Amino acid sequence: MESIPALTIDDVANIDAVLQKYLEKSEADLVVIVDKGGNVLSQFGDLEVLDVTIIAALAAGSFAATKELARRIGEVEFNALYHQGNGSHIFMNSVDEDTIMITVFGCDTTVGLVRHYSNDTAARLSEILATLRSREQVAFHFGADDVGTSLFEDRK
Amino acid sequence: MSIINYARKEIQFKIVYYGAALCGKTTNLAYIHSRIDAGHRGDLVSLATAADRTLFFDFLPVNAVVIKGFNTKFQLYTVPGQVIYNATRQLVLRSVDGVVFVVDSQWDKMEENVESFHNLRENLAKQNMNLDEIPYVVQYNKRDLDNIAPVNYLDFLFNNEKKRVQSFDAVSSTGQNVFATLNAVSQLLLHKFSKDNNPAESTPAAPATA
Chain Y
1 MESIPALTID DVANIDAVLQ KYLEKSEADL VVIVDKGGNV LSQFGDLEVL DVTIIAALAA
61 GSFAATKELA RRIGEVEFNA LYHQGNGSHI FMNSVDEDTI MITVFGCDTT VGLVRHYSND
121 TAARLSEILA TLRSREQVAF HFGADDVGTS LFEDRK
Chain D
1 MSIINYARKE IQFKIVYYGA ALCGKTTNLA YIHSRIDAGH RGDLVSLATA ADRTLFFDFL
61 PVNAVVIKGF NTKFQLYTVP GQVIYNATRQ LVLRSVDGVV FVVDSQWDKM EENVESFHNL
121 RENLAKQNMN LDEIPYVVQY NKRDLDNIAP VNYLDFLFNN EKKRVQSFDA VSSTGQNVFA
181 TLNAVSQLLL HKFSKDNNPA ESTPAAPATA
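From first to last, the protein sequence lines stand for chains Y and D. In terms of our numbering, the first sequence opens at residue 1 and continues consecutively. In terms of our numbering, the second sequence opens at residue 1 and continues consecutively.
The shape of chain Y in the complex, shown without the other chains:
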C-alpha cells in the first residue's frame, strides 16, 4: 500500500464533505481518519474536547493489537471494533488496507446507526484515498535557513 505524502486543500475539502455528511446522518460527535501508523489524515466534528493526535495513536495501536486476536479465530483482522463507555463510545472500522476511521459518539445516537452509515462512508473514503495514492507527489521544498539549528528548546 502506497502512503499518502500530501493532502491538498481540495483533497481535504473532498474528505471533509464526506465526513460532514456522515456525522449529520449518524449523529456522531467526531470522526477521525488515521493511517495504521497512527498519523491523522483528516478529522471532522467536535474537536475541542479531545486530543485527536493521541486518539489516533491509541486507536491505531488498539486496531493492530486485536489483529492477532482475529488470527486466532481464523480472521485476517477485525473490520470493526466497538468500545462501549457509560456516556461516550468509540467505533472503529477499516477504510482500506492502511487506513482506519474512528467515530466518537454519545447518547444522541446508537452503535447500529453509526455502524450502518460508516460502511458507505468508508467505501467513499477508500475511493478518494486510492486516487490520492496514485497521484504524483506535490513538491514542497525548504532550506536549512527555514529550519534553523534548534527545533526544540529545553525550558530550563
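Treat the hints as calculated values from the structure; they're not laboratory data. Computed from a predicted structure; not experimentally measured. Virtual Cβ for every residue (Gly too), placed ideally from N, Cα, C. Be careful, since some hints might not be right.
Going by beta-carbon spacing under 10 angstroms, a handful of chain Y positions derived as facing chain D [said to hold, decoys possible]:
1. Val12
2. Lys36
3. Gly45
4. Asp46
5. Glu48
6. Asn79
7. Leu81
8. Phe140
9. Arg155
Computed beta-carbon distance windows for the label pairs [to be verified]:
10. Y:Ala123 - D:Ile84: 34 to 42 angstroms
11. Y:Thr131 - D:Tyr153: 46 to 54 angstroms
12. Y:Cys107 - D:Leu47: 25 to 33 angstroms
13. Y:Gln20 - D:Lys163: 28 to 36 angstroms
14. Y:Ser88 - D:Arg121: 38 to 46 angstroms
15. D:Lys195 - Y:Gly87: 44 to 52 angstroms
Using the hints, position chain D against chain Y.
Just chain D now, kept in the frame of chain Y:
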C-alpha cells in the same frame, strides 16, 4: 511516513525511540514532556505495567518550528524494550520517519543492546525499510554511572557503518543531551523530507551541529 496537509498547513512526522529494556527511552520522553511549554506539546501517554515497564508504547506529540507557514508536528514514540514484545515493536515502527537508538552504557547491558540493535534492523527490513536510509542518531545513555563502556567501544558496536551517524553522550534522567538528541534526529528528517519532496535538489543534507 510524513504527511503534509495543505489545508491545515501542517506536516506530521513520526520518531521512534528504540532500545533494550530499561535503557531510558521513556525517561527521554518524560524529560522532553516536562521541559517543553504546554502550548507546544500534548499529554505524555504511557501504557505501562504496575512496575513502570512499557507494555505497549509511550507517545508524546510535540510541535516544533513553523516552516514556510506550515506547523511541524512530531509524534514521539517509544517501543517496549522487553524481548517478548516484538510484535508491538513492529507495530510502532510502522510509518516511522526517524529513529533514536538508545544504548544503555553499562557493561552488563551490552548483549541486550546489541540484540536490540539487530532487532531494529530486522523489524525495519520486515517493512522493506533500511536503517541506513532512515534519519537516525544514537544516544549513549546513563553516562553518569560507574560501570560504563567507553564511547569508542560503543561506537565500534553501534556506529561502525561506512556512514557514521551522530551520537550523543547522555544522562536522560537529568536531561543531559536529551534535547540535543531530539534536535539532531528532527533536523535530519526535515532535511530528508525537503530533499525527497524536491527531486531537483542534488546537494546532500546538511548535518545538524552535534
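Each hint tested on the structure:
1. Val12: This interface hint holds because 3 angstroms falls under the 10 angstroms limit.
2. Lys36: OK, holds: lysine 36 of chain Y within 10 angstroms of chain D, min 6 angstroms.
3. Gly45: violated (15 angstroms)
4. Asp46: violated (17 angstroms)
5. Glu48: violated (14 angstroms)
6. Asn79: violated (18 angstroms)
7. Leu81: violated (15 angstroms)
8. Phe140: OK, holds: phenylalanine 140 of chain Y within 10 angstroms of chain D, min 4 angstroms.
9. Arg155: holds (5 angstroms)
10. Y:Ala123 - D:Ile84: 34 to 42 angstroms: Cβ of alanine 123 of chain Y to Cβ of isoleucine 84 of chain D: about 38 angstroms, so the range 34 to 42 angstroms holds.
11. Y:Thr131 - D:Tyr153: 46 to 54 angstroms: Taking Cβ atoms as reference, threonine 131 of chain Y and tyrosine 153 of chain D lie about 52 angstroms apart, which means the hint holds.
12. Y:Cys107 - D:Leu47: 25 to 33 angstroms: holds (28 angstroms)
13. Y:Gln20 - D:Lys163: 28 to 36 angstroms: Because 48 angstroms falls outside the window, the suggested range is violated.
14. Y:Ser88 - D:Arg121: 38 to 46 angstroms: holds (42 angstroms)
15. D:Lys195 - Y:Gly87: 44 to 52 angstroms: holds (48 angstroms)
Of the numbered hints given earlier, the model fails hints 3, 4, 5, 6, 7 and 13; all others are met.
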